[in-house]
Structure formats: C-alpha cells, structure tokens
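According to this note's numbering, the sequence shown is numbered sequentially starting from 1.
Source of the hints: derived by calculation from the structure; they are not laboratory data.
Hints may contain errors.
Said to hold, decoys possible - In the DSS-like style, the derived pairs of lysine-lysine whose C-alpha atoms are separated by at most 25 Å in a straight line are:
1) K62 to K51
2) K185 to K98
3) K40 to K58
4) K62 to K40
5) K51 to K40
Stated by the list, open to error - Across the chosen pairs, the derived CB separations fall in these ranges:
6) A19 to I183: 47 to 57 Å
7) T250 to G163: 28 to 38 Å
8) A131 to A19: 46 to 56 Å
9) I192 to F23: 31 to 41 Å
10) I112 to P252: 20 to 30 Å
Glycine is no exception: its CB is placed at the ideal position from the N, C-alpha and C atoms.
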Amino acid sequence: MKKHWILSPKGLGNIFIAAILLFYVLFPMVVVVFWSVAEKWFPEHWWAPEKIGLSWFKALFKLVDVQLSFIQTFTIAPIVVALTALISIPAGYVFGTKSFPGKRLLENIFLIPLVVPAIATGISILSVYTAWGLRNTYWGVILAHMIGATPYMLRCVSAAFEGIDPAWEEAARNLGATRWQVIWKILVPNIIPGILAGAIFAFSWSINEFVLTLLVGFPTVTTLAVKVYQYIGGYYITPNAAAAVSIFLTLPSIPIVLAMEKYVKAEYVAGVAR
1 MKKHWILSPK
11 GLGNIFIAAI
21 LLFYVLFPMV
31 VVVFWSVAEK
41 WFPEHWWAPE
51 KIGLSWFKAL
61 FKLVDVQLSF
71 IQTFTIAPIV
81 VALTALISIP
91 AGYVFGTKSF
101 PGKRLLENIF
111 LIPLVVPAIA
121 TGISILSVYT
131 AWGLRNTYWG
141 VILAHMIGAT
151 PYMLRCVSAA
161 FEGIDPAWEE
171 AARNLGATRW
181 QVIWKILVPN
191 IIPGILAGAI
201 FAFSWSINEF
211 VLTLLVGFPT
221 VTTLAVKVYQ
231 YIGGYYITPN
241 AAAAVSIFLT
251 LPSIPIVLAM
261 EKYVKAEYVA
271 GVAR
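Required output: the full structure, derived from the provided sequences and hints.
Below, the structure written as structure tokens:
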C-alpha cells in the first residue's frame, strides 16, 4: 500500500519546516499574551502563568496617560491615512498611467524613507520641525508618520492604476462620458482595492511608529508604541503592562489582515516591494 505523501520523507520535512516557522512567528505573540494576563508567574513555573486574569488591562484603563495614548494613537493614524491618500492618489495616477523620462528614478526616490533608518530621519528633521514650530505637536507627529506611510500608499495606488486597461477609458469617452464620469465610473471603482491596501499599510505604520514619535512628539504626544517603551524599560520595567499595551496595538491588526485577505489583490501588495 502506497504511503500518504504526509508520511513520506519529503512530506515530513515540509511539516517540520512549517512547524519551525510557525513556532518562530507565533511564540513571541504567545509570550506577550501570557504576560498580559499573568497575575502570578514565577520562574520555576516557566511554561505558563500560575494565575491569569485581566487585572493589568483594568489597571491600565484606569490610568489617564494610557487613555490619552490610546486616543492619540487611533486619532493620529486615520489622519495619516487620509492625508497620505490625498497625496498618493494623484501621484499614483501619474506614475501608474503615464510614461516620462526619469519615472523609474522618481519611484525609487520615493522609497528612500523605507531604506534610511528612522533614527537618521528623525534627527535630520528635528531642526526643521523646531524652526517651524512643529516639534512636540500633533501635526509634527502626523507629518513624521507620513514620511514612512507615503511610499506604501503610493506603490499600492500606482499598482492599482497600472492594472486599469487604457481601452476602458477610451471606450467610455467614445460613448460620450465626461472626464468626471470616467473618473467616478471607471477609475475610482478599480483603484479602491489599491487605496485600501495602501491604507492598511499606512495605518499599521502609524500605530507602530516609535522612533519618530519619540523624537518629534515626546512628551506632548505619547502614542501606545512610546508607552510600551516606557513600560518595558525606558523609565521602569513592567513587562505585564507593556504586554497589555502591546495587545492594544495588536488587536486592530486582526481585522486589518482579514480585510486585506478578502478585498486586496496580491498585485497591489506586491507593488510595494517592487
């Protein structure tokens, strides 16, 4: 009787590799979850907390500074997404539908913020922000977050525009459609998935951005990412509180990932890495 492929050496090898990768990805998350609910956890009982509960979450919600960090984080991120989209949609239209000298060079220039370390970017803009009165302000943090969010949004939107057949626009014009009708009936419906993909990346970038927020906004603006730093060792070591705050940052990512899987096409996401 022929063995099932799972029991073959190749199948077992694939399972082993998948298990290692799964452990590598999930183990840190499991540890964070354990720390966030651990009310009693001693070294001799290292494999799991001896007592679990939600006391850390309850305690954090009672702290005014954590409440403010939560509000700041999830107020700044949507603004970053909206402003990044306003810039990236017209720019993405040009990059996705037009050909001109230096186009590839400009596209690569827009990727520079993803290559330059955040600490270098933060230090370089500090003097400018100070001169403009943007240091320790909400708008300063928003503009700083947009530096890293814009390349993602622009790539996704450009890929969406590239996927639109120029013949559709030409056919609509031949049938008497106005410029605005072409935009709203043909272009917009086809680029919405690309905008959604870019919004997901921009939102995730904003809520997780730590270095620029610390350099530009602290102590006026203290997002949850900065709050994790404070709890984990910036000022006092409280791993349970840091883990609980990390859960607050992780929870929004779950519906975001589900939305990406359902609505976002692979080519839009692939456009980010081109």
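Query raised in the report: Do I112 and P252 keep their Cβ atoms within the hinted range of 20 to 30 Å?
Result: For P252 against I112, whose Cβ atoms are near 28 Å apart, the range 20 to 30 Å holds.
Query raised in the report: Is K62 within 25 Å of K40, Cα to Cα?
Result: 21 Å, holds
Query raised in the report: For the pair supplied as a hint, K40 and K58, is the alpha-carbon distance within the 25 Å limit?
Result: 16 Å, holds
Query raised in the report: That 47 to 57 Å hint for A19 and I183 (C-beta), does it hold up?
Result: The hint (47 to 57 Å, Cβ to Cβ) holds, given that A19 and I183 are roughly 50 Å apart.
Query raised in the report: Between K51 and K40, does the CA-CA distance stay at or below 25 Å?
Result: 5 Å, holds
Query raised in the report: Would you say the C-beta atoms of I192 and F23 sit inside 31 to 41 Å of each other?
Result: Roughly 37 Å apart at Cβ, these two residues keep to the hinted range, so it holds.
Query raised in the report: Taken at face value, is the distance from the CA of K98 to the CA of K185 at most 25 Å?
Result: Holds - the C-alpha atoms of K98 and K185 are around 20 Å apart, at most 25 Å.
**Report entry** Range agreement (Cβ of A19 with Cβ of A131, hint 46 to 56 Å)
**Finding:** With a Cβ separation near 54 Å, A131 and A19 satisfy 46 to 56 Å, so the hint holds.
**Report entry** Assessment of proposed distance window 28 to 38 Å (beta carbons of T250, G163)
**Finding:** 32 Å, holds
Query - Holds or violated: K62 to K51, with C-alpha atoms at most 25 Å apart - result: 22 Å, holds
In the structure shown, no violation is registered for any of the earlier numbered hints.
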